[in-house]
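Undergrad: In case you want the letters, here they are:
2 protein chains.
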Amino acid sequence: MDAHEIRLKSRPHGEPGLDVFELAAVKPRAPGEGELLVRNRWMSVDPYMRGRMNDVPSYVPPFKLGEALEGGAVGEVIESNAAGFAVGDLVLSMYGWRTHATAPAKAFQKLPSIPGIAPQAYLGVLGMPGLTAWAGLTIVGELKADDVVFVSGAAGAVGSLAVQIAKLRGATVIGSAGGPKKVEWLRSLGVEAFDYRAESPVDALKRLAPSGISLHFDNVGGDHLEAAMRAARPFARLIECGMIARYNDVGAPFDQRLFMLIIGKRLRIQGFIVFDHQKQMPEFLAEIGPAVARGEIRAEETVVEGLDKAPEAFLGLFRGANLGKMLVKL
Amino acid sequence: MDAHEIRLKSRPHGEPGLDVFELAAVKPRAPGEGELLVRNRWMSVDPYMRGRMNDVPSYVPPFKLGEALEGGAVGEVIESNAAGFAVGDLVLSMYGWRTHATAPAKAFQKLPSIPGIAPQAYLGVLGMPGLTAWAGLTIVGELKADDVVFVSGAAGAVGSLAVQIAKLRGATVIGSAGGPKKVEWLRSLGVEAFDYRAESPVDALKRLAPSGISLHFDNVGGDHLEAAMRAARPFARLIECGMIARYNDVGAPFDQRLFMLIIGKRLRIQGFIVFDHQKQMPEFLAEIGPAVARGEIRAEETVVEGLDKAPEAFLGLFRGANLGKMLVKL
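Line order of the protein sequences matches chains A and B.
Be aware that the first sequence starts at 0, since it is given in numbering that gives the first Met the number 0, and climbs by one per residue.
Be aware that the second sequence starts at 0, since it is given in numbering that gives the first Met the number 0, and climbs by one per residue.
Please note that the accuracy of each hint is not assured.
Which copy is meant is left open, so a pair is good if it fits within one copy or across any two.
[To be verified] Taking lysine-lysine pairs in the DSS-like style, the calculated list, with each CA pair at most 30 Å apart, reads:
id	residue 1	residue 2
1	Lys264	Lys8
2	Lys328	Lys264
3	Lys180	Lys109
4	Lys278	Lys264
5	Lys180	Lys105
6	Lys63	Lys205
7	Lys328	Lys278
8	Lys264	Lys308
9	Lys278	Lys143
10	Lys63	Lys143
11	Lys205	Lys105
12	Lys143	Lys264
13	Lys63	Lys264
Hints listed in this document are in silico derivations from the structure and should not be mistaken for laboratory results.
Here the structure is a predicted model, which means the values were calculated and not measured.
In isolation and in its complexed conformation, chain A is listed as follows (with noise of 0.2 Å):
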């Protein structure tokens, strides 16, 4: 059996190089007791990850040194030795970065086969990106019908999902995006876009939302949330999902200044955590999952094919090589 996995070597500093990874040969084990032998065929890459690769104290304990790295992944059971998991079944968990997992059913989860849901859309928009644009926009923005909503990142796994939840919702969406052709898939969505490599934040929200936005949904930071800040009506909600502007590096610091818009506007700056809101998943499915199916949500994907490409469509992530959900497929 030709197995992989890739480990973290060492831990970078500021924006991961490939050194930092390392592609082994492994023997998967075989399953004991109430235990599964999947075969991976597709892993999720995630800006988060970036955090787990630092050797500091987070909501998720961070990557040891030498062994695999872990995250999303949906493969094929091939041997089973539990009740209820037959070979051929299709399994969730967190056992990527690897071509193979050995581990106790309970780690995974049977996936159901719904016409028009490929497999792979429980690693993205009926995944973790997804629950985390339906929880930030919906309960922790508590989204509404006339919200001006901007969504930093609006091409990304998240951003697309959410700039998609709030059209659905009835909202005026707003988008940044890195380059022409993402701007051109958002405007097809409905979404007022703007290209961030082209034109400053601030005075793309000048311009689209000229009397303000009521709702930010940030997956950037940076000069995206002082945009955001600025252009924030009264009583704005700034909901904090990612800041991948600064998981490498420091970025500028920022005004002081603006901090005061926070009393002038009576603005609310709320971080979350998907993790947070796993209890919802019934929920959210219940609204999303039909509309994946009827074709009203679109889940784009980037897919890069082979496990020693892992790591670049990871480190793509920072540079916005992907539109939608970046897939690795096994």
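Based on the hints, put chain B in the right spot on chain A.
TA: Frame of chain A; chain B shown alone:
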């Protein structure tokens, strides 16, 4: 009649000097139909007035050059041409920074006479600063008895009430103040106090709140806000009431890495303005009025005598010259 007012002579840049103020002799207008002539006895100086000296749109319009400044004042009716007001009545108005004011009766609020309550209390503990502390803590901050609350600028007009309201509600309270006299006073109230001139807020919170804070009531901004973000427990609320450290100058820029804490800790940073809570004034007075009359809340005052000294009293706020409410006796 010897009457004077203080006018804004020029707009300050950074920290104002005494030269931006001008004391002018005036001749009060006789009250017309439905008007009162009031001799002010007390006037308030408040940090928010610094913002009104800038010619920028804000939640209160800027002061006009060459005209009398405005602010809370308590005075005595000396001529009444309005039903319901008699000579000798004590009234509250926004006609501060002047010895005399002639205006329609509806611009004045008649003050009740309550044993144990001095008339100038309506400029402090039972006025705008008191409502600010109460609404910010209890409504915006959702204060609970098991909160660990950090109040910055805890010996000021608003802060000194915030710490006492939090104590009354059963919370654990930490407060910062400048200088040993204020720290001693805070300790006499049961507050865990520290002197920010002698110890950085980051170090002090490590020492005084080793398991973190759950609620921050911020009057200062800058290094105090940074320390609060660092010491915050998951899901902490950071209520932005004021940023006196930032009214006159920009201050050191904020390290953007701190913003990542907003996400990781799911912080809620929320600004508010007391004017949005005027409708809760009766509820506030019903809780806090009796507590003041019973002596359960101590309303400290720092009193400066004479209208000509009002500019110095105002500038003293930014040096922390006041313990409790800074007042000018006219």
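Undergrad: Hint by hint, note whether the structure agrees.
TA: We went through each hint and held it up to the structure:
With identical chains, the CA atoms of lysine 264 and lysine 8 are at most 30 Å apart between copies only, with a shortest distance of 28 Å across copies and 47 Å within one. When the C-alpha separation of lysine 328 and lysine 264 is checked against a cutoff of 30 Å, the pair qualifies neither within a copy, at 46 Å, nor between copies, at 33 Å. In this assembly of identical chains, the alpha carbons of lysine 180 and lysine 109 never lie at most 30 Å apart, being 36 Å within a copy and 66 Å across copies at closest. In this homomeric assembly, lysine 278 and lysine 264 come within 30 Å of each other (Cα to Cα) only across copies, at 19 Å, whereas the closest approach inside a single copy is 33 Å.
In this homomeric assembly, lysine 180 and lysine 105 never come within 30 Å of each other (Cα to Cα): the closest approach is 42 Å inside a single copy and 61 Å across copies. Only between protomers do lysine 63 and lysine 205 lie at most 30 Å apart by alpha-carbon distance; the minimum there is 29 Å, versus 45 Å within a single protomer. In the homo-oligomer, the alpha carbons of lysine 328 and lysine 278 lie at most 30 Å apart inside one protomer (29 Å), although the nearest pairing across protomers, at 59 Å, exceeds that limit. Within a single copy, lysine 264 and lysine 308 get their C-alpha atoms no closer than 46 Å, and across copies no closer than 33 Å, so neither meets the 30 Å cut-off.
Taking the shortest Cα distances, lysine 278 and lysine 143 sit within 30 Å of each other both inside one copy (22 Å) and across copies (25 Å). In this assembly of identical chains, lysine 63 and lysine 143 lie within 30 Å of each other by CA distance neither inside one copy nor across copies; the values are 42 Å within and 39 Å between. Neither within a single protomer nor between protomers do lysine 205 and lysine 105 lie at most 30 Å apart by alpha-carbon distance, with minima of 51 Å and 40 Å respectively. In this assembly of identical chains, the alpha carbons of lysine 143 and lysine 264 lie at most 30 Å apart whether taken from the same copy (19 Å) or from different copies (26 Å).
In this assembly of identical chains, the alpha carbons of lysine 63 and lysine 264 lie at most 30 Å apart only when taken from different copies (22 Å versus 44 Å within one copy).
The structure fails hints 2, 3, 5, 8, 10, 11 (numbered hints given earlier, in ascending order).
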